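Peer 1: The residues making up each chain are set out below.
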Amino acid sequence: MRVHPRYTQKAALALLGGATLLTVAVLVFIIFFVLEKGLPVLSLSFLFTNPQDMGRAGGILPTLIGTVALPVLALAIATPLGVGTAVYLTEYTRESGLTKVIRFGTDCLAGIPSIIFGLFGFIFFVTVLRLGWSILSGGLTLAFMVLPTIIRTSEEAIKAVPASYREVSFSLGATRWQTVRKVILPNALPGIVTGVMLGIGRSIGETAAVIFTAGSSLRMPHSVFDSVRTMSVHFYILAREGISNQNAYGTAAALIIAVLAVNLTAYWLMNRFIARRS
Amino acid sequence: MEAKISAHDLTVNHQGLPLLDDVTMDLPTNRILGIIGPASSGKTTFLRALNRMNELQPGFTMAGLLLLDGQDIYAPDFDVVALRKRVGMVFALPVPLPMSIHDNVVYGPRLSGVRGGRLDELVEKSLRAAFLWEEVKDRLQTSALRLSGGQQQRLCLARTLALGPEVILLDEPCSGLDPISTAKIEEALAVLKSDYTIVLVTNNTKQAARVADETAFFLQGRLVEHGPTQTLFTAPRDQRTGDYITGRFG
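Protein chains in written order, with our numbering: chain A, 1 to 278; chain B, 1 to 250.
None of these hints come from the bench; they were simulated from the model.
Treat the hints loosely; a few may be bogus.
Only pairs whose alpha carbons sit at most 27 angstroms apart, straight line, appear in this in silico DSSO-like list of lysine-lysine [said to hold, decoys possible]: (1) B:K125 <-> B:K137; (2) B:K193 <-> B:K137; (3) B:K206 <-> B:K193; (4) A:K100 <-> A:K159; (5) B:K125 <-> A:K182; (6) B:K137 <-> A:K182.
Among the chain B residues that face chain A by a calculated CB cut under 10 angstroms, a handful are [said to hold, decoys possible]: (7) F91; (8) R159; (9) A162.
Predicted model, so just to flag it, every value in this text is computed and none were measured.
Even glycine gets a Cβ: it sits at the ideal position worked out from N, Cα and C.
Start from the sequences, fold in the hints, and give me the full structure.
Peer 2: Here is the structure:
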């Protein structure tokens with residue numbers, strides 16, 4: 001029996017609309033749930049004072065530092081490496097067996113569970129290189145974790161730059177590197193920024209790999225060689241050990257607001273960049 | 001008169017298929033050479049051989065000799081970046097880079113290290129030569145993407161002129177343009193030929209008849225006939241040339 005297109009049309013609309021609604025509802029529910037429990041705890045003094053009694057009282061200042069330091073270090077390492085790899089793969093080599101192997105490798109790397117990265121970071125950075133549980137070990141581990149994301153999003157962004165721009169640039173006497181610098185990277189920037197944002201998001205929220213490599217010290221770090229606890233790890237420990245559910249949710253709320261702020265800032269910067277160029 | 005460019009037995013293959021077959025011709029200095037012929041007759045391949053653009057895509061091989069002022073431009077030690085500044089190119093579709101009008105024009109000169117007030121002089125000079133200055137002089141800092149199609153193509157011409165080339169290659173530059181924009185480009189070319197050697201590939205035989213001093217007819221990768229435009233259009237030596245220009249095929 002054939003169903004009239006009018007009804008299939010309605011059914012498709014309902015299903016697709018429903019899927020969208022469900023997605024948004026889950027997101028809104030999670031955010032409200034966390035904010036409702038966490039916002040009452042949040043205050044300037046909660047953010048900017050040291051914790052006391054394992055986090056039962058006091059604030060979360062050292063974890064705030066850790067949450068900023070680890071992603072900043074990770075992205076400072078991963079962005080040049082990742083964008084460089086993407087430029088090499090797209091602009092400096094022709095599609096070949098080797099590029100396929102490299103691409104397959106990065107895809108596999110992206111699928112490796114974070115705890116395996118944590119284990120690798122623990123064995124290699126913490127023990128073999130004797131960096132100990134430190135911001136440096138954690139940042140390096142996170143850098144390798146977000147590297148595949150940055151490579152693949154940058155690659156897609158670079159491929160999306162029209163081939164005619166390259167032709168024009170070469171025809172005007174530009175070298176390949178000049179073309180990359182003046183035409184390709186500026187036009188691929190919004191896509192590259194998206195990849196970096198995904199990387200920040202992933203490294204801010206990471207818990208398993210961070211416990212293994214940066215440790216969970218609640219003391220204020222003084223250099224990149226000190227151990228640090230991030231907000232995600234703090235939340236995990238507070239909740240898991242039953243230290244303080246209230247402060248756990250306060251930390252979670254701060255974390256969610258931080259992620260939102262990072263994303264909004266990135267969108268704002270990107271829109272400004274695009275508006276200036278067109 | 002010494003030929004600006006001369007091709008000897010030029011053959012270009014793409015993935016084993018011949019696109020250009022044994023072309024030998026001399027291009028005169030300070031003249032416009034029109035190249036006509038039906039689709040896939042090798043016109044564009046020939047044009048792109050002159051500034052070595054073919055090699056940017058994989059799969060191209062070539063044989064034969066291409067001389068610019070008597071020098072082999074495919075010699076291993078020939079500087080291809082310098083070549084492309086001497087032999088500028090305007091593409092079929094106008095492709096302004098997504099930056100301001102000013103920055104488009106000075107893209108090439110900036111790469112060669114030209115800075116400061118020299119750039120502004122170049123912008124005015126090049127835009128005037130492309131018959132675009134009066135239309136854009138008050139908005140040089142706005143995006144080139146906001147120009148109309150005809151203005152964009154004249155901007156592309158100005159951008160090529162700013163390189164200070166000796167040869168200008170135009171690949172069907174008017175194929176997407178209205179008659180008025182086309183007339184402006186043709187007007188510019190007529191003036192420019194006193195300073196440059198111009199090669200104009202066109203799908204429009206009437207355009208070749210209007211602006212070219214010499215015309216070459218390509219068919220299936222071969223050069224069929226090459227001579228003064230007047231002669232080629234009024235008394236073609238080859239039957240196929242006559243058939244093409246009278247519109248019997250193509």
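Peer 1: Next, verify each hint and record whether it holds.
Peer 2: Results for each hint:
1. Only pairs whose Cα atoms come within 27 angstroms are accepted, and B:K125 paired with B:K137 is accepted, the gap being roughly 11 angstroms.
2. Between the alpha carbons of B:K193 and B:K137 the distance comes to roughly 24 angstroms, so the proposed pair stays at or under 27 angstroms and holds.
3. Simply put, B:K206 and B:K193 have alpha-carbon atoms about 19 angstroms apart, close enough for the 27 angstroms limit, and the pair holds.
4. Between A:K100 and A:K159 the alpha-carbon distance is near 15 angstroms, which keeps this suggested pair within the 27 angstroms criterion.
5. Under the criterion of a C-alpha separation no larger than 27 angstroms, the hint pairing B:K125 with A:K182 is consistent with the structure, at around 24 angstroms.
6. Restraint check: the Cα-Cα separation between B:K137 and A:K182 comes to about 24 angstroms, which is no more than 27 angstroms; the hinted pair holds.
7. Nearest Cβ of chain A to the Cβ of B:F91: about 7 angstroms, under the 10 angstroms cut. The hint holds.
8. This hint holds: B:R159 has a C-beta 7 angstroms from the nearest C-beta of chain A, less than the 10 angstroms allowed.
9. Against a cut-off of 10 angstroms between C-beta atoms, the interface hint on B:A162 holds, since the closest Cβ of chain A lies about 9 angstroms away.
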